[in-house]
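Trainee: Chain order of the listed sequences is A, B, C and D.
The number in this note's numbering is simply the position in the first sequence, starting from 1, with 877 added.
The number in this note's numbering is simply the position in the second sequence, starting from 1, with 877 added.
The number in this note's numbering is simply the position in the third sequence, starting from 1, with 877 added.
The number in this note's numbering is simply the position in the fourth sequence, starting from 1, with 877 added.
Keep in mind the hints are simulated off the structure, nothing from the lab.
It is possible that part of the hints are untrue.
Identical chains share a label here; the pair holds if one copy fits it or two copies do between them.
[Claimed, not checked] Straight-line distance between alpha carbons at most 30 angstroms, and here's what the computed DSSO-like set of lysine-lysine pairs gives:
| # | residue 1 | residue 2 |
| --- | --- | --- |
| 1 | Lys919 | Lys1002 |
| 2 | Lys919 | Lys963 |
| 3 | Lys1140 | Lys941 |
| 4 | Lys1057 | Lys1001 |
Because the structure is a prediction, the values reported are computed rather than measured.
Number of protein chains: 4
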Amino acid sequence: MIERYTRREMARIWDDEARLGKMLEVEATFLEAIARLKGVPKAEIKALRSLVGAGALAGKVKEKEATSGHDVVALLQVVSEALEGKAPTVVQYLHYGLTSSDVLDTALALQLREAADLLIAGWKKLADSLAALAARHAGTWMVGRTHGVHAEPLPFGLKLASWHAEARRNLERLESAREKISFGKLSGAVGSYAHFPPSLEASVLKRLGLKPEPVATQVVPRDRHAEFFQALALSACAIERFATEVRHLQRTEVLELEEPFGKGQKGSSAMPHKRNPILCENLCGLARMVRGYAMAALEDVALWHERDISHSSVERIALPDATILLDFMLHRFTGVVEGLNVYAEQMRRNLDRSLGLVFSQKVLLTLIDKGLPRMKAYDVVQRAAMETWRVRKPFRDNLWLDDEVRRRLSEKELGKCFDLEAYGRSTREVLKREGIL
Amino acid sequence: MIERYTRREMARIWDDEARLGKMLEVEATFLEAIARLKGVPKAEIKALRSLVGAGALAGKVKEKEATSGHDVVALLQVVSEALEGKAPTVVQYLHYGLTSSDVLDTALALQLREAADLLIAGWKKLADSLAALAARHAGTWMVGRTHGVHAEPLPFGLKLASWHAEARRNLERLESAREKISFGKLSGAVGSYAHFPPSLEASVLKRLGLKPEPVATQVVPRDRHAEFFQALALSACAIERFATEVRHLQRTEVLELEEPFGKGQKGSSAMPHKRNPILCENLCGLARMVRGYAMAALEDVALWHERDISHSSVERIALPDATILLDFMLHRFTGVVEGLNVYAEQMRRNLDRSLGLVFSQKVLLTLIDKGLPRMKAYDVVQRAAMETWRVRKPFRDNLWLDDEVRRRLSEKELGKCFDLEAYGRSTREVLKREGIL
Amino acid sequence: MIERYTRREMARIWDDEARLGKMLEVEATFLEAIARLKGVPKAEIKALRSLVGAGALAGKVKEKEATSGHDVVALLQVVSEALEGKAPTVVQYLHYGLTSSDVLDTALALQLREAADLLIAGWKKLADSLAALAARHAGTWMVGRTHGVHAEPLPFGLKLASWHAEARRNLERLESAREKISFGKLSGAVGSYAHFPPSLEASVLKRLGLKPEPVATQVVPRDRHAEFFQALALSACAIERFATEVRHLQRTEVLELEEPFGKGQKGSSAMPHKRNPILCENLCGLARMVRGYAMAALEDVALWHERDISHSSVERIALPDATILLDFMLHRFTGVVEGLNVYAEQMRRNLDRSLGLVFSQKVLLTLIDKGLPRMKAYDVVQRAAMETWRVRKPFRDNLWLDDEVRRRLSEKELGKCFDLEAYGRSTREVLKREGIL
Amino acid sequence: MIERYTRREMARIWDDEARLGKMLEVEATFLEAIARLKGVPKAEIKALRSLVGAGALAGKVKEKEATSGHDVVALLQVVSEALEGKAPTVVQYLHYGLTSSDVLDTALALQLREAADLLIAGWKKLADSLAALAARHAGTWMVGRTHGVHAEPLPFGLKLASWHAEARRNLERLESAREKISFGKLSGAVGSYAHFPPSLEASVLKRLGLKPEPVATQVVPRDRHAEFFQALALSACAIERFATEVRHLQRTEVLELEEPFGKGQKGSSAMPHKRNPILCENLCGLARMVRGYAMAALEDVALWHERDISHSSVERIALPDATILLDFMLHRFTGVVEGLNVYAEQMRRNLDRSLGLVFSQKVLLTLIDKGLPRMKAYDVVQRAAMETWRVRKPFRDNLWLDDEVRRRLSEKELGKCFDLEAYGRSTREVLKREGIL
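Could you put the whole structure together from the sequences, leaning on the hints where they help?
Mentor: Printed below as a string of structure tokens:
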């Protein structure tokens, strides 16, 4: 992933040193578990552990890999050389009875869990920001829009609450995906436990905080990883939905919101007057990327026989890239929410712009309550509405010209249909239910 | 979806009549809830309910829709005309305060739940077939393959158990997706509950067995549906994995399995000798389709403002098509499993074909146990293995030519490395853990 | 594909009868080519041809297929039975030396060519409509928008011309894809020409207007079909771009365009005042579907060995569905263009809404021409622009308050920067270059 | 993209310095074109050009961008500061009347052209390797397989020739995509040529070897880039097809091919006997990635209005990543072809393994020629074939037990059906037609 979209917190989970460190953690924990059986002294395992975090593995492994073409073999060589003499029993029993995937997939689970934790924290922070903003705007009126067209009045806080609810759903998805991915596998080649029993695997994985794959092939089955990617994609789609909304509400004619615009920032190299929602546009593009990665992950499920290695190149690229991008997206959008300029007056101005048409349903229902058949009432209201578009006069006045309306309603009754506050009657209840108020 | 891949059981969930029936179910249940308030007699609601299942709605609605361009409006017109005179209060209060999406999305939830139930039943049946076959072949030896290359011995039942475990995971996913999709929404235009309170929605949805969307826009948020599609895609990928395996094991050189081949069936119009795994190939193609649908569903999440209707065309096509295909896939693959020809002797023959190389790791570990350093031991074994490929003589013999081996092992000790049964030591335990034995 | 999105013209290319007819056309043409060699009388071949178009094949073939599980074999059986006695030599030599794919893929090429022709005609019609509308609005001013924010003045005709140019590119793509797909294949099993020479294939395909696949496997290679799908997807994306624009310009605050709204049409079941861009929203959804199909087609390329049949289920579904949808999209969007309501006055009103800011670049360039360094000039103009947003006073007035501006420009020179017509200087030239004027 | 899959040749086209260099090339060429009009001395433009390639731009631009949030503005600032005093007229007129996209999209076209050239060279090299190998194996017999099952004899060279043909098609696609992407755009904000005429654009682009976009918005329309991505995806799918074939042919039971296996290479950390087709498996995974990128690119087409910037993040990531991966794939697969181990004897052994069944069609056709009706003949041959599977005796012997066969054929005539060379009659002609011989 390119630096521009990378936060250090996520990147360091995926760097070579971290990956090799996790692999050694698995090897060391395994050695601990067979230590008594094979007579591996604790001090030697400590020597092995001391290689982790020293920052010197990646370079050496890469060198060895040039010959063997196999990264696990290369790591074993590097470790063996480093511990030669110092920890002979470790050198002897390192990786004993394991196959590469035992180490790789178990280490990957550790990495994925960390990545999931970071994303979960990201969503929590964003959800909190959304809740705060929603609470603040529980009574800020704007127009609700469907099909891009004015529909009925809407408290801005309710719109934000729907984002909060979607954030919560994505939190749950990531938490669930975290569980689904927290499975390791130490059952040897082709997953047959030919060289040690399931109990040994169970004991090692327990120390690592992972669960054993119920029936592995040689690898942890890739539907787990594909499911993880689906959670990433759904998260990205959520951000895309929110960002799209900000873009819409920042358009010149609407201008109810503006994403933060830095001091000294230039909107355009040519047009000095521009303030563009580029942060949110950028987020929409990134969502496309994450969807693409998720697609590739689905194709990884159908590995051949007890495994082939076609998933590996996908995961080397897409797992870091997708988690790095989503982490960036969460962080960036949280920034947008926290710095969001909300133009409440303009919201109100836009709401008034449709000349009262947004109250049409209330008129319809009132006429029905007064005994006018629905189809008839609909026609009456639609006619007055279309006339309002045409002549640009208040909807209420157009209605009052209609005999059918006058026959059913007093002027006061008609007026009551245009009471904005009635539309907010349930807002606080919904926000409470959502845990925002 | 085309007839060829359609089972009636799923198709009827999605036909127009069923859809309109579900919509009327929602309208009727809503009327029941406001019956006391608005004075709607029970008998009238019964009259409304009697329109469902009569099989005459779809044609009439389509006719009306030609004018109004709006399917819910058309349905209301048809119902109003049908009940005119007979149930005047229903005609009066039908759809009172509702917006189309209240009805459409709630009805869709009912359809999706039925579709999910059918798919869950399909997976259960398939899982049972897999369990039975796995149990039967707990002791059937074959070679485990990684990268398409012989790896180590594997009980065929263990391979099947890994399918069973993946089936279980997909069952869970569909059960979870069923919950995620069992949300209705009766909060009116833009989701503001402007014309009736959340308590009314709660009461209607409870009768329908659905939960209320915590914070809706005008629609149930589309991340729920996208998540449902992800579950479908993961299910399809699982079938693809299994079907790919059958295809591999049916290739002429391997021929350990054959999918059922009907009496009178022709494998090729040109080559009378052919028996091809066409059922499984077909399933692989269908998995590609389901993935494609899932992709489209992800793009539906970011609807504009309180809703736009771009998701509708996707759902009209992809929801029936994807569920119909997956239902077909589950059913077809269950048939493949149940009619599968298992050639156990050929499995054994193939296992023997690699001249004992599949026991190489056991030799390696034994040499290590005897004190030979791992790297050294690896070289000894690899050398003998490569020689085996070259001269096509038993691996064991080649090993016995090696001084290093002779120095460490007796002939009997070497022989013990080639004990097949040792590789099956944990099979029954794993199958029990998986609930198969 | 569902009826709602299906035009008869495209559907009939793909129905079973048409497909079987094309297959018989291939078989008959092949028989003609070997007629002299094998002594097949012309009258008999005529009898074979007379089976096509009688509308009775599909049902019978389906019946036979239930036993043989092979559609080509079933067709051969039906034909043999129909011609038994009447055309014995045809029955004898029918399909002689051919493999199913020879017939299927060659027939498919004929279908694809027809489908492509229909789509090409659809794009031409749409391009013509766009050209006519663009010409009509060469002088209609609106604001050009980037990032959804007002940028600079733009003739509406120029926007439409960019659609026309994209239409032309897609026309080219489909014409190119039509060529790429117009390849047949009659080289027998595994494509080896074992039973007849390339010259025979050449002669048959020439009669059918197709080219021979240079090196086939048993099938025409699927990259051709995948490429065809890519052209469909790009076409769909173009319609999505145009439809998205209409949706934007129909939003209440902008309202510069409205898609046709039928007499008697209802915008909403709840809100009688609504006129929503549902046709265009629907098109955006359909574009997602076509992209999904294209994805599946890419996965069909890597067939195994000389062929497997996994592509078949994808093509049975996605080729009809994708071409039917695109055909529908082209037709529907042409209707939108032809019935488009263009509100030129509102365009002008919106253009004026940004208080002259859209001329900011012209002011910048004029200041540069007057010797003010660019960075300096940019700051001057940006400052006045931001002030304009803030105080909602004409940009020009804000500029005229700036000493730097006054030092460099006379009031008349500043005024010249706000000359709208200068922005249209090149419009006619561009439209002519594009073939519109 | 990660280093592991990156060749320097492609990476350097995309690095920041190269990108900024191309942008300055556009700015400088533009200045040359207006030099006479605006009085910009040649020496000054030379000073501007001298900034390119000095390797110092990227760092400085990044620093400036931190404030302005706009990379083009940042570049202009860096250049202005560097040339201050030295080239005052350049500083004055730099970027005069241009909008960022004029520079960015035109520079991007230059980068894309270079990337395309490298990929074209890669395909040419691979095509040459394939041609050489195909020519060498024009007479090497193997079995052709359909559905993974033995079909008819096939010269290995013919299989390779089909790869060559697909390589040629992809070459054409990339050459075509190169043309489609070689369009620049210098028409200013919203593409209206408001500040200079099309003739100026034409003159600048001509110097850069690009064509002018017929009707641009503010940007070069993104269907061009999406089309480029489709060509990349199709190329990747081709490599996937070839690599999949190698994987199949390297499986233990088949072992007709092996990809190069380095001296010192380890196939497995656990099983010393393994030689796995990991290079080809890896290529299959990478193809999934490229498909995912292509999907994202399709979503970039529908930008809003005269542009939004959502495509930018996609392109910053996916254009380098997809071209780098494809470049790597081409290079790696060329290595596989050049180092491919071809086991011709094993091919022959496998061909013989189906006991003569691969000649079944020839027997069928001969019986037809002898007057046996096709359906009848098919049954005779199928019966003998199924018996051959069952009893594992030569197909020919089973046929000779059949009365119907004996009635029609002499033993010699039957024998002629089993003549391998007859299957290769057209091979040289096809290879010549393909330009291989």
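Trainee: Are the hints correct? Go through all of them and say.
Mentor: Hint by hint, here is what the structure shows:
no. : hint              : verdict
1   : Lys919 / Lys1002  : neither (42 angstroms within a copy, 50 angstroms between copies)
2   : Lys919 / Lys963   : within (13 angstroms within a copy, 70 angstroms between copies)
3   : Lys1140 / Lys941  : between (51 angstroms within a copy, 13 angstroms between copies)
4   : Lys1057 / Lys1001 : both (20 angstroms within a copy, 20 angstroms between copies)
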